[in-house]
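*Asks:* These are the residues of each chain, in order.
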Amino acid sequence: MASMRDIKRRKGSITSTQQITKAMKLVSTVKLQHAKEKADSTKPYFDCMYETITGVLSKAGNINHPYLCAGKSKKKAILVITSNKGLAGGINSNIVKTVVNSGIPKEDAVIFAAGRKGKDALARAGYKIAADYSDAMNNVIFNDAADMGRDLLDGFARDEFGEIYLVYTRFKNTVSQSPVMMKLLPVEIETESGNTTDDLTLMNFEPEPEEALQLIIPKYIDSLIYGGLIESVASEHGARMQAMDSATSNAQDMIDDLTLKYNRARQATITQEITEIVAGASAIS
Amino acid sequence: MEDGKVFQLEVVTPMRYFYTGPVTMVEFTTTEGDIGVLPGHIPLTCIAAPGILRIHTEKEIHEAALMDGIVRIMPDGVTILAEACEWPDEIDIVRANEAKIRAERRLKKGSDNVNLTRAELALKRSLMRIELASHNKK
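So the sequence lines, in the order shown, correspond to chains A and B.
Here the first sequence is numbered in our numbering, starting from -10 and rising by one per residue.
Here the second sequence is numbered in our numbering, starting from 192 and rising by one per residue.
Quick caveat, the hints were computed from the structure, so don't treat them as lab data.
Think of the CB as a built atom: it goes at the ideal place given N, C-alpha and C, for glycine as much as any other residue.
Any given hint could be a false lead.
Stated by the list, open to error - DEER-style ranges, computed between Cβ atoms: (1) B:R286 to A:G1: 45 to 55 Å; (2) A:K95 to B:R286: 20 to 30 Å; (3) B:G231 to A:G79: 37 to 47 Å; (4) A:E26 to B:E254: 25 to 35 Å; (5) B:E254 to A:H54: 32 to 42 Å; (6) B:N288 to A:E200: 50 to 60 Å; (7) A:D109 to B:L229: 51 to 61 Å; (8) B:D267 to A:S30: 16 to 26 Å; (9) A:C58 to B:E251: 48 to 58 Å; (10) B:E251 to A:A114: 55 to 65 Å; (11) A:Q22 to B:T308: 52 to 62 Å.
What the hints assert, rightly or not - Sample of chain B residues with no beta-carbon within 12 Å of chain A, all distances over it, derived: (12) I238; (13) G260; (14) D280; (15) R293.
Next up, chain B with everything else stripped away, as it sits in the complex (with noise of 0.2 Å):
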């Protein structure tokens, strides 16, 4: 493990340590689009959306599913407070595809301005769990 081509990860979440360990690159959305990031970034506060989080490895390349939450990227490692996060193997598909319906129907309906944000960001995460899980099922 040479100095420079790793960093360290932490995911908490309020139930657990989610994820902690030396990684190359970590991949998630934030509010402003995608992001990568390698060894050695600038320090950075971004807010992350529901997507999907990409963690590499020197080996392999994990995926998980990570919903709102703050990120905290300094040069030595990035800290990612999420609100909720699960591995493939964790998430439900069927609530998963209840929650995409039930946002759907709320959007098509689409009372004040609040609730529709809501549904569309409810209607994001199920989209992106179903999206996850379905794709790693293969």
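Looking at chain A on its own, in the form it has when it is part of the complex (with noise of 0.2 Å):
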């Protein structure tokens, strides 16, 4: 049995790493808070975008817009979002596994990253890192989406790569995030809901739908990408809330376990003295 006072370091230890996890607990509980007024405030402004979208698509009909067909390049830009800090549970990892078994070869990836753990993890496994917006992690503003799709959409104009693909972490609640890999360009708008049709018909553009389109598609890809990053940081916090509320409580077991190894040794010395003394004391008489 270990001795008492190796038994009492550990507690101490144990406490005072179940003092930081605590209050890293509460301090991600409050940004986890501000993080979900930001991501409900901009909810109407996706769902009226991805409205808007979807009926200048369905309008547009089989035109040839460069933004609707992959491009001829073979290579796939993927944007991918993660934190910049750890101790989050597994949403980092999660992200990069996402990436590494997506299908696309390490060759044929170039890697956009925002959040400095998943770019550096990529960069490990070779990927190729094409640009890195960690600093927007920080705080999140609607320009570093609007770059980051500038730059995305230049690159396809310029047809560095055909593809381009949004990985990051969707926020369901609180307590579950997944992992979520989307294609941004081409678009792709599943058409199948038939009756939503009907009033769109009469809708009317203005300019001509090819050139709204030519307008429209960017700033959608920019909500997109906007959506992703409030997400991904609402997620992040959520996870490490999470994950820091389970290293509380495991530490918590750990300290009863070793409150009751302490106690117990301090039994065992108590009565190993009175048994030294009572078989002295026998000795004497």
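Could you use the hints to bring the two separately framed chains together as a complex?
*Replies:* Now the structure itself:
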């Protein structure tokens, strides 16, 4: 059995770790609330944006726009959104796994990284990092998303890559986040809902749908990126909150266990001392 | 509030619900020119260009700076998806002035085409901000 002093020292170290994880949990709870509020306030924008883009595309029919068909280049750009800081459970490694298992060969992938963790992990895995927007993850503003969108579209226009993907963590709720990979370009809109096309047939466009697409699609991409950034930040804090919560309770379990061991050890010492005294006394008499 | 005289206007930016409420008319700039929308307009989707957004309610007229965005007009309501939208008192005139000077410099230098368009847009935005802010001060 470990000595009393060893147990006490170990307990002290776990207690201070627990204090840190508890504080980190509180911090991420607050940050999560902010991030959630931000995500909620951006929601109507995306819903409207999605409706508009579906409307335009269903109206535009089979027009041949560069944004609607894949480029000639075999390369594929992937915008990978992770966090800058670790200790957030598995969200960053899940994102990296999603990229690695996406079926896009390493040589064909051009990584645009937002978030230091994803950038480092993918660089280590041998991917080519074309750009790094990690600073944007500290405080997400729409202009950052617009910058990324512009860089991606410029590259697409120069035919540096034929397809653009976005990988981010979708925020379902506080306890559940999942990595998602979606195709940004060429734009793919499911047109299975037949009933919506009826009221859209009345929609007019100014300028013409083809020109409108040229202007709307970049905005659509920007808003998707922005949504991905906002949701990833919320997910990061949610995941960290959860990770820190379980770390705190694990620490508590360990402390309880050690306390029991400590008390047993103490009791054993006392019993031993008494036995020794009694044995000594009976030896004298 | 009679039917047919007002319609629902929603101005949404990625940051917030900028404006929502019944209005009698709304005026703004599109890529094709200035337009004013009254109730019962035919369905139309257009692209907003930087310009002044005038919201006419039954009592008063509000003005705001509208940056690029997408406008969806339906007979019973208008939705403006703006990248940014600001009330006059939110405009930072010093910053707008700086942006104007920067854009002018870039235009004078004149590099490739893309940068020129960008600078032109930036200049337009700053000019519009300055105009709106100074004209609301009086």
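*Asks:* Against this structure, judge whether each hint is valid.
*Replies:* Structure-based check of each hint:
1. A hinted range of 45 to 55 Å holds for the C-beta pair R286 of chain B and G1 of chain A, which are about 53 Å apart.
2. The beta-carbon spacing between K95 of chain A and R286 of chain B, approximately 44 Å, falls outside the hinted interval of 20 to 30 Å.
3. Between G231 of chain B and G79 of chain A the Cβ separation comes to about 54 Å, which falls outside the hinted range of 37 to 47 Å.
4. Remark: the range hint 25 to 35 Å for E26 of chain A to E254 of chain B is upheld by a beta-carbon distance near 28 Å.
5. The supplied range of 32 to 42 Å is met by E254 of chain B and H54 of chain A, whose beta-carbon atoms lie about 36 Å from each other.
6. For N288 of chain B and E200 of chain A, the Cβ-Cβ distance of about 33 Å falls outside the hinted range of 50 to 60 Å, so the restraint is violated.
7. Here the CB-CB span from D109 of chain A to L229 of chain B is close to 56 Å, well matched to the stated 51 to 61 Å.
8. Between D267 of chain B and S30 of chain A, the C-beta spacing of about 25 Å keeps the proposed range 16 to 26 Å intact.
9. Between C58 of chain A and E251 of chain B the C-beta distance comes to about 49 Å, which sits within the given range of 48 to 58 Å.
10. Between E251 of chain B and A114 of chain A the C-beta distance comes to about 60 Å, which sits within the given range of 55 to 65 Å.
11. With their beta carbons about 40 Å apart, Q22 of chain A and T308 of chain B fall outside the hinted range of 52 to 62 Å.
12. For I238 of chain B, the condition that its CB be more than 12 Å from all CB atoms of chain A is violated, with the nearest at approximately 5 Å.
13. The Cβ of G260 of chain B sits about 8 Å from the closest Cβ of chain A, inside the 12 Å cut-off, so the non-interface label is violated.
14. In this structure D280 of chain B is separated from chain A by more than 12 Å, as the shortest Cβ-Cβ distance comes to about 21 Å.
15. At roughly 15 Å, the least C-beta separation between R293 of chain B and chain A is larger than 12 Å, which holds for a residue marked as non-interface.
Checked against the numbered hints given earlier, this structure breaks hints 2, 3, 6, 11, 12, 13; the rest are met.
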